[in-house]
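*Asks:* All chains, full assembly: derive it from the sequences and hints.
2 protein chains.
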Amino acid sequence: MKDVRFLDFIQEGIQQVEQRILSQSDGHYPEIKFALEHILSSGGKRVRPAIVLLVGGLLGGGHADLVTLGASVELLHTATLVHDDLIDGALLRRGNSTLNASWTPAATVLTGDYFFSRSASLGAELDDPVIVRHFADTLATIVSGEIAQLFSRNTILDRETYNKRIFEKTASLFQLAAKGAALLSQGDEEVVAYASDYGYQLGMAFQIVDDILDFTGEQAKVGKPVASDLRQGIITLPVIYYQELHPGDDSVERVLEGEAEEGQLDALIGDIQASKAVELSYQEAEGYVKRALEALANLPQNTDDQSWMALKELAEFVVFRKN
Amino acid sequence: MKDVRFLDFIQEGIQQVEQRILSQSDGHYPEIKFALEHILSSGGKRVRPAIVLLVGGLLGGGHADLVTLGASVELLHTATLVHDDLIDGALLRRGNSTLNASWTPAATVLTGDYFFSRSASLGAELDDPVIVRHFADTLATIVSGEIAQLFSRNTILDRETYNKRIFEKTASLFQLAAKGAALLSQGDEEVVAYASDYGYQLGMAFQIVDDILDFTGEQAKVGKPVASDLRQGIITLPVIYYQELHPGDDSVERVLEGEAEEGQLDALIGDIQASKAVELSYQEAEGYVKRALEALANLPQNTDDQSWMALKELAEFVVFRKN
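Residue numbers (the working numbering), protein chains in the order written: chain A, 1 to 323; chain B, 1 to 323.
A hint or two may mislead.
Any copy will do: because identical chains look the same in the list, a pair fits if it lies in one copy or spans two.
[What the hints assert, rightly or not] Each computed DMTMM-like pair below joins lysine to aspartate or glutamate, with the alpha-carbon atoms no more than 25 Å apart:
{"hint": "1", "residue 1": "Lys164", "residue 2": "Asp88"}
{"hint": "2", "residue 1": "Lys169", "residue 2": "Glu31"}
{"hint": "3", "residue 1": "Lys290", "residue 2": "Asp127"}
{"hint": "4", "residue 1": "Lys33", "residue 2": "Asp84"}
{"hint": "5", "residue 1": "Lys312", "residue 2": "Asp84"}
{"hint": "6", "residue 1": "Lys322", "residue 2": "Glu125"}
{"hint": "7", "residue 1": "Lys33", "residue 2": "Asp158"}
{"hint": "8", "residue 1": "Lys33", "residue 2": "Asp88"}
{"hint": "9", "residue 1": "Lys45", "residue 2": "Glu286"}
{"hint": "10", "residue 1": "Lys312", "residue 2": "Glu262"}
Hints are computed from structural coordinates only; laboratory data are not their basis.
Here the structure is a predicted model, which is why all the values come from computation and not from measurement.
*Replies:* This is how it looks when you write it as structure tokens:
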């Protein structure tokens, strides 16, 4: 989010996070350095490290530890992306070629593993058993969610399962970023709980908007086909709303069961885009943002207003972003 | 090593470790439970948890923590096996079908990731920042070694690189098992260093013997082709000795460069088997066992002689085992 002015004042911190990530290849195989540079240069919003730096900045956490936590969280995210691309067979991400496109599956698996291991090492450096436990549990949550998604492809999801899935996939790590920063800042129990809730609500909103953007086609500009999830048999919120709005329409089931005729998938995607499903999904995301702001309102505002304001703008930005 | 009588007295502990591993699937996707049961029932010597229980037993560590560490170390080992099988395209391990044989690569990648995450959660439960740091670093060491092995396939290895590789691949985790158990037992610095050295030396011997057994064909009985490493372009100690014994013979290079004629690889394997390379490799393994026993001699023997004796017999067993 380098184009977002309200985050200008933490760009130096974000760069330190990136440097910290790059330094994880020091003394290791050159291919690892290449992989880290490739992935960092492929863009990415660094929204997770931004949350760490802002929450920590607000609550007065030590800068060096926050940079370590930010690097650890972003590397964990990166590791899951690398394995995701392998699992999806994705050759492009954000318009750039994935490791998966040019490397063997073996190299891609091991590169993801390496990022996991260095993320764990960075997390362990913080020397905080509570953060380490959250970290390990979050990793288990993310992977568990991916497994559930894999084994339930091509099946209809209900709302409750969708919410569980996007928590596992995204909100759990946003929560870890915010909660971990609060713990490092020695916030009291209540402060940690509000910070954690801010991260959770923001993460849920973020993933819903991601799922909307997959349909509205904005992401096509950066190299992904429209409705890539549905094409892979993954049901997201716009599809769930579409089904609720059209109870007699069985085209989603037909697509999932592989019984759709030619053109039917594209027609369905067009129907979803044209329906109220997108607007309703946005409303749901806005509900999460509202709750994120309520949590934020309970955090102390006096120590560092710039961070507090940026956390507020970040929450609003999540809904209005275009990629 | 359920057929090894000197370990009978820790079988209950080993079973607790296995139960602990199985319980990692509780509340998660049923496929994960299936994967854990499949892998545990496929055998395996549980040599790493045995080291944990014996070193901890000798030094008076708390049993519950030792079981947790044993489960964590074995799960980490299992995670690397799952990804290894995917990388090698192996369909059999210990004569049983691998997950890789029946699952998609995607499911196999995620199952390995899940085991990593649960291994990390178990490690974090120990609430010992020093162990957590060693744990994360060991994971990085193992993965880094696998990456180096992958990118250096089909190239000649020198002795120094081979030693580095088997440390990364095997001895690092044996070392973690022994050192972690000593740390949990609140051993003083010297005791921790000797325990750590015992694990290191034993792990080096273990991997050399593994590499020998790959050539002597004993492992063919349990479902692996003879010289599976060389067939994959991976150089091990018997090959290094063979080359030293036959400086004019370029057949190893020809095989690695893909220039060998039909039958030449099998002929080379026969030549290595018939040469003194196997005996020299065994002598090298025995050197490591000797140093493991020297380290053991420096550990206190009074508190639990049964564990001390078993650690001694375990070191000797490593050289004389047949699979």
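*Asks:* Could you run down the list of hints and mark each one as holding or not?
*Replies:* Hint check:
1. Lys164 x Asp88: Answer is within; shortest intra-copy Cα gap is 21 Å, inter-copy 35 Å.
2. Lys169 x Glu31: Between copies only: 18 Å across, 28 Å inside.
3. Lys290 x Asp127: Intra 34 Å, inter 36 Å, cutoff 25 Å: neither.
4. Lys33 x Asp84: both (20 Å within a copy, 22 Å between copies)
5. Lys312 x Asp84: neither (30 Å within a copy, 45 Å between copies)
6. Lys322 x Glu125: Neither, since 36 Å and 41 Å both go past 25 Å.
7. Lys33 x Asp158: Classified as between: cross-chain Cα gap 24 Å, same-chain 42 Å, threshold 25 Å.
8. Lys33 x Asp88: both (24 Å within a copy, 24 Å between copies)
9. Lys45 x Glu286: Within one copy only: 20 Å inside a chain, 54 Å across chains, cut-off 25 Å.
10. Lys312 x Glu262: neither (46 Å within a copy, 69 Å between copies)
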